[in-house]
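Protein chains: 2
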Amino acid sequence: MATSEPRATGADQDPNTANLRPPSGTYEYAWMHGCTRKLGMKICGFLQKNNSLEERGRLAGQKNLLSCDNSDSESRFRRTEIDFSNLFARDLLPAKNGEDPTIQFLLEIVDILTNYIKKTFDRSTKVLDFHHPHQLLEGMEGFNLELSDQPESLEQILVDCRDTLKYGVRTGHPRFFNQLSSGLDIIGLAGEWLTSTANTNMFTYEIAPVFVLMEQLTLKKMRELIGWPGGEGDGLFSPGGAISNMYSVMIARYKYFPEVKTKGMSAAPRLVLFTSEHSHYSIKKAGAALGFGTDNVILLSTDERGRVIPADLEAKIIDAKQKGYVPLFVNATAGSTVYGAFDPINEIADICEKYNLWLHVDGAWGGGLLMSRKHRHKLSGVERANSVTWNPHKMMGVPLQCSAILVREKGILAGCNSMCAGYLFQPDKQYDVTYDTGDKAIQCGRHVDIFKFWLMWKAKGTVGFEQHIDKCLDLSQYLYNKIKNREGFQMVFNGVPQHTNVCFWYIPRSLRGMPDSDERLEKLHRVAPKIKAMMMESGTTMVGYQPQGNKVNFFRMVVSNPAVTQSDIDFLIGEIERLGNDL
Amino acid sequence: MATSEPRATGADQDPNTANLRPPSGTYEYAWMHGCTRKLGMKICGFLQKNNSLEERGRLAGQKNLLSCDNSDSESRFRRTEIDFSNLFARDLLPAKNGEDPTIQFLLEIVDILTNYIKKTFDRSTKVLDFHHPHQLLEGMEGFNLELSDQPESLEQILVDCRDTLKYGVRTGHPRFFNQLSSGLDIIGLAGEWLTSTANTNMFTYEIAPVFVLMEQLTLKKMRELIGWPGGEGDGLFSPGGAISNMYSVMIARYKYFPEVKTKGMSAAPRLVLFTSEHSHYSIKKAGAALGFGTDNVILLSTDERGRVIPADLEAKIIDAKQKGYVPLFVNATAGSTVYGAFDPINEIADICEKYNLWLHVDGAWGGGLLMSRKHRHKLSGVERANSVTWNPHKMMGVPLQCSAILVREKGILAGCNSMCAGYLFQPDKQYDVTYDTGDKAIQCGRHVDIFKFWLMWKAKGTVGFEQHIDKCLDLSQYLYNKIKNREGFQMVFNGVPQHTNVCFWYIPRSLRGMPDSDERLEKLHRVAPKIKAMMMESGTTMVGYQPQGNKVNFFRMVVSNPAVTQSDIDFLIGEIERLGNDL
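Chains as they are written, first to last, in full-length UniProt numbering: chain Y, 1 to 583; chain G, 1 to 583.
Rather than coming from a laboratory, the hints here were simulated on the basis of the structure. Take these hints with a grain of salt, some might be off.
Any copy, or any two copies together, can satisfy a pair, since identical chains are not distinguished.
[As the list claims (entries may be wrong)] DSS-like, lysine-lysine: derived pairs with alpha carbons at most 27 Å apart:
id: 1; residue 1: Lys263; residue 2: Lys321
id: 2; residue 1: Lys429; residue 2: Lys263
id: 3; residue 1: Lys374; residue 2: Lys220
id: 4; residue 1: Lys323; residue 2: Lys484
id: 5; residue 1: Lys263; residue 2: Lys323
id: 6; residue 1: Lys482; residue 2: Lys166
id: 7; residue 1: Lys429; residue 2: Lys316
id: 8; residue 1: Lys96; residue 2: Lys484
id: 9; residue 1: Lys482; residue 2: Lys220
id: 10; residue 1: Lys323; residue 2: Lys166
id: 11; residue 1: Lys551; residue 2: Lys323
id: 12; residue 1: Lys482; residue 2: Lys255
id: 13; residue 1: Lys471; residue 2: Lys551
id: 14; residue 1: Lys374; residue 2: Lys323
id: 15; residue 1: Lys323; residue 2: Lys221
id: 16; residue 1: Lys410; residue 2: Lys530
id: 17; residue 1: Lys321; residue 2: Lys482
id: 18; residue 1: Lys220; residue 2: Lys96
id: 19; residue 1: Lys354; residue 2: Lys484
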């Protein structure tokens with residue numbers, strides 16, 4: 001491979017062992033003397049190019065005889081001007097002489113990204129620049145989404161990258177409140193950049209030794225926070241909370257009816273699952289996918305705050321048994337999607353123990369509160385669960401995707417899912433193959449979701465996550481206090497929110513005096529969508545809305561972004577009033 | 001937000017619309033005059049810091065009255081020396097004055113990554129630096145994987161990043177042949193860096209407008225390559241081929257027995273699935289997970305090349321029907337995991353039509369060959385499939401994860417999976433909500449896997465993928481030709497490989513004269529693991545091995561990395577001989 005860079009002298013001098021940084025000043029010096037150094041390196045590069053030594057240098061540890069620079073085994077990048085209009089993907093590594101264009105191309109990308117990052121945190125930037133699908137498909141100012149047979153120049157690729165960001169949504173913006181996942185954590189981002197550069201797969205220790213161990217240690221810490229003795233148990237990172245919840249149903253079934261794995265659902269009686277009417281739809285999806293049927297996912301009634309009423313659970317268990325069905329599984333939600341409600345886990349656990357049912361806690365949204373000494377009591381009883389879903393990509397600000405399924409009983413994940421594929425999980429490897437995780441998963445290839453989270457935990461400590469969570473909950477309480485008695489605002493339920501969810505209607509002036517009637521409800525139902533549409537058109541902020549049960553469309557405000565301040569909450573209130581007052 | 005950078009004058013001047021680059025020379029100029037510019041910006045930053053205007057600048061389009069630099073709305077990054085030993089995650093954005101440390105920290109990360117990338121393509125670098133789990137857990141040279149309550153400094157975080165790469169496996173190295181996914185595509189990598197910076201979610205157009213459209217257009221192109229008329233149909237990117245295959249089984253069931261969605265598997269007769277004994281284990285995993293049971297996944301016999309024997313399929317269908325079971329689904333593998341075999345799709349499709357069965361083609365590994373005019377005939381008949389799995393992250397070199405499930409019938413994915421969650425998929429949004437994809441998926445949040453692939457397709461064109469595929473297959477044929485008659489090598493099956501898989505035993509000198517016997521087989525079974533262990537210890541190369549059926553451990557060589565040359569193939573042969581000769 002040709003190069004224009006100084007080189008390490010051999011593979012045994014791994015560059016990663018080099019000092020973290022050159023002596024202070026070296027870098028500036030390199031810049032000042034860029035021209036002469038470059039000339040030297042060109043000569044050096046020419047010599048290397050014309051020598052196929054590295055092609056012949058077969059054995060690890062063998063030194064390259066040719067080395068231009070022994071002292072600088074890890075060089076700091078240098079930025080140069082390159083004309084990308086005549087360069088193509090084929091000119092980058094592994095192409096001969098591809099090293100310099102590769103580095104310069106990546107630095108251009110980094111330039112685009114760092115500018116985007118700066119703007120994301122800048123409140124004078126819009127949250128989004130909204131366009132309808134047909135507008136984007138027609139091509140905005142030359143942004144052509146169509147793919148073609150022939151390659152585009154790297155200059156065009158850079159333009160495409162800018163355009164992609166330009167027409168996207170800044171989910172890290174301090175005024176983006178639209179989803180449970182928001183924010184742009186810089187450490188997490190660095191972790192993702194590294195993860196994609198390492199480009200490996202979690203299924204075996206063999207090709208992901210460090211990541212596999214990080215996953216193991218991190219899952220253990222999470223289990224300790226749940227409260228399982230010694231952090232014992234099992235778990236995996238999965239591609240999102242819905243899949244984590246699906247795992248929980250699968251392993252519950254395997255625990256009580258292991259023959260279903262080989263014989264199918266016909267080997268079991270009619271099994272029923274229980275979950276809150278406020279719970280995430282993934283429990284129903286799992287019921288449909290795994291062959292239970294959505295009719296056998298029984299929805300539990302909730303109190304006015306959206307929390308499961310334990311007596312209703314018990315009544316429905318008894319009812320199911322009387323019908324000859326077999327209750328199998330109860331999902332308790334720790335932080336419901338809309339209300340942010342925490343089901344009373346201890347009372348539900350009592351019932352699960354009484355009737356010998358699997359208890360799963362869906363803490364996809366609320367699991368993060370386990371890291372806060374102030375708020376973890378809301379999950380009291382979680383240590384009695386058989387399995388827990390917990391998505392660090394929601395409340396803890398980890399970049400998407402990062403979701404864990406945690407299981408109290410060791411070995412059951414593998415028992416449920418293993419197929420012992422010989423080509424991956426050879427028993428005769430030279431290392432302890434119990435570290436291979438692939439056969440526990442329903443996936444084969446599995447993306448490395450752990451590193452960004454591990455790195456954030458290292459960088460913030462548990463206390464950093466705690467501070468983040470406490471701050472977000474404080475902000476929600478601030479919002480609640482500001483609007484609970486404010487003219488034009490009406491809370492969907494009373495009392496301080498349990499999580500960061502604040503649910504409210506905005507009542508435009510025209511509806512304020514109006515008596516309760518179907519007409520008023522119909523009109524109110526249309527208010528939130530109208531305000532939301534105007535918000536998106538103006539690009540100033542984004543917040544979600546939805547109906548729930550018999551309640552017409554209302555706003556659901558959530559805070560999970562550390563960039564949010566009280567001023568952003570004030571801004572949201574003002575914006576809703578500005579846009580909605582005269583509807 | 002405080003800043004030390006020049007600013008755009010307002011949100012309506014989106015920085016992304018700025019020219020791609022400043023006039024030639026500007027950048028160098030900025031460097032030369034860094035000191036005076038910096039001073040100016042410090043003053044400017046001070047003024048901005050002490051003015052909360054952006055906090056009050058509420059409406060989009062409103063200009064910032066204070067602006068330090070009107071001409072340079074998108075600034076190029078500048079690298080400065082920062083002492084990270086006293087900085088922590090909390091000092092980065094969104095912290096006050098966090099912008100400069102943020103950019104400098106990310107540039108340090110980029111420095112680590114670009115050095116890693118350069119070394120990855122450098123054959124004098126080891127593929128891996130192997131350590132056993134207990135060694136890494138004990139802490140290598142201070143690399144501590146344990147998490148703690150208190151934060152680490154950013155300097156330590158940078159060291160951790162270096163160590164993570166140091167002890168990992170270079171899957172992009174030209175001598176890494178261990179998995180179907182290998183290589184480090186620079187465009188794909190840039191795409192991943194951008195994706196993680198955008199940090200959004202595919203479930204709605206609302207928060208991923210550009211990515212949703214890219215997915216739609218790319219899936220259409222893929223369906224065109226499959227040969228479905230007009231590229232019509234449906235599809236999704238899913239977290240890997242196993243999940244894509246699971247989708248295919250789910251939608252087949254929904255097509256023939258839609259009542260299973262609500263009533264469960266008890267509403268259907270005993271359904272059976274058919275797949276090759278050489279097929280990927282994910283079909284069996286899907287059978288277990290979805291409630292069919294692995295006993296109802298019937299394995300089909302193959303010829304000596306690992307291709308399904310159509311007559312065996314028909315015989316087993318008839319047998320199942322005679323037993324009163326209901327054949328539902330046939331999986332034809334296009335590129336099997338170990339042999340790289342392509343099942344005869346047309347003959348299988350004939351049988352599926354005759355018996356009215358769902359035909360799925362698992363092209364996770366072989367789907368990429370559809371882009372090659374020379375090799376696409378191997379998937380002849382794929383246009384008759386009802387669904388196709390195709391993983392661009394394998395043969396096409398797209399970074400992990402990137403897998404598509406493609407479906408011929410429009411609407412069936414949504415029919416199968418929709419639960420109509422009101423909080424996400426509001427029908428009263430201001431845009432055409434048919435663009436919201438979330439309710440088609442079994443996931444809720446869905447990672448953006450499309451962008452890197454779309455960007456690679458833009459940058460290479462269809463012809464670029466074609467060249468890549470043709471080159472990899474040529475290299476495999478080169479290997480096959482080199483070893484088919486070479487002393488010490490024995491092919492597992494005869495004939496030119498259909499895909500890049502080349503399967504062979506290496507026979508150490510001590511076994512060469514030995515007559516066929518159980519003893520010889522036992523000894524031969526231990527050869528590949530021993531050579532592999534030595535390879536990993538020396539770090540020079542990696543290649544997979546496994547047993548298959550009654551065949552003892554053999555090597556499976558695959559090529560999907562564009563960095564591989566004939567010299568690397570020669571190297572592998574030589575390395576196996578060097579390590580194995582005297583076993």
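I want to check one pair: Lys482 and Lys220. Are their C-alpha atoms no more than 27 Å apart within a copy, between two copies, both, or neither? neither (40 Å within a copy, 49 Å between copies)
Up to 27 Å between alpha-carbons, please classify Lys471 paired with Lys551: within, between, both or neither. Neither way: Lys471 and Lys551 sit 30 Å apart in one copy and 61 Å across, limit 27 Å.
One pair to classify: Lys429 and Lys316, alpha carbons no more than 27 Å apart. Within, between, both, or neither? Neither, since 50 Å and 36 Å both go past 27 Å.
Should Lys410 paired with Lys530 be assigned to within, between, both, or neither, using CA atoms and 27 Å as the limit? neither (51 Å within a copy, 31 Å between copies)
Are the CA atoms of Lys374 and Lys323 at most 27 Å apart within a copy, between copies, both, or neither? This pair counts as neither: shortest intra-copy Cα distance 43 Å, inter-copy 62 Å.
Could you place Lys429 and Lys263 in one of the four classes (within, between, both, neither) given a Cα distance threshold of 27 Å? Neither, since 32 Å and 45 Å both go past 27 Å.
Can you give me the call for Lys374 and Lys220, within, between, both or neither, at a CA distance of at most 27 Å? within (22 Å within a copy, 51 Å between copies)
From the Cα coordinates, with 27 Å as the cut-off, is the pair Lys482 and Lys255 best called within, between, both, or neither? Neither: 49 Å inside a copy, 52 Å across copies.
For Lys482 vs Lys166, is the C-alpha pair at or below 27 Å within one copy, between two copies, both, or neither? Close neither inside one copy (34 Å) nor across copies (52 Å); limit 27 Å.
With 27 Å as the alpha-carbon cut-off, assign the pair Lys263 and Lys321 to within, between, both or neither. Classified as both: same-chain Cα gap 24 Å, cross-chain 17 Å, threshold 27 Å.
27 Å Cα cut-off: does Lys96 pair with Lys484 within a copy, between copies, both or neither? neither (66 Å within a copy, 31 Å between copies)
With identical chains, the pair Lys323 and Lys166 could be close in the same copy or across copies; at 27 Å between alpha carbons, which is it: within, between, both, or neither? neither (57 Å within a copy, 60 Å between copies)
Checked against the numbered hints above, the structure violates hints 2, 4, 6, 7, 8, 9, 10, 11, 12, 13, 14, 15, 16, 17, 18 and 19; every other hint is satisfied.
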